[in-house]
Amino acid sequence: MSSCHECTLGQRYNMWTNKLSSPQIGKWLKKEMEFLSLEIVA
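Reading the sequence shown from the start, the letters are residues 65 to 106 in the working numbering.
No wet-lab data here; the hints were simulated from the structure.
It is possible that some hints are incorrect.
[What the hints assert, rightly or not] Cβ-Cβ distance ranges computed for the label pairs, FRET-style:
| hint | residue 1 | residue 2 | range |
| --- | --- | --- | --- |
| 1 | Q75 | I104 | 15 to 23 Å |
| 2 | S85 | V105 | 24 to 32 Å |
| 3 | T72 | L93 | 28 to 36 Å |
Don't be surprised by glycine CBs; every beta carbon is placed ideally from N, CA and C.
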């Protein structure tokens, strides 16, 4: 279970590094922050 979670974390890290150079970073960051806040609460 934890290894699967680490896998998704790695994928999210790759998404972060890719999106940091994206012109739509603001819109994406807003969505990502909402997702992270839900993850923290859960």
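Quick rundown of the hints versus the structure:
Taking the beta carbon of each, Q75 and I104 are about 19 Å apart, inside 15 to 23 Å as hinted. The supplied range of 24 to 32 Å is met by S85 and V105, whose beta-carbon atoms lie about 30 Å from each other. One distance hint, 28 to 36 Å for the beta-carbon pair T72 and L93, is violated here, with the actual separation near 19 Å.
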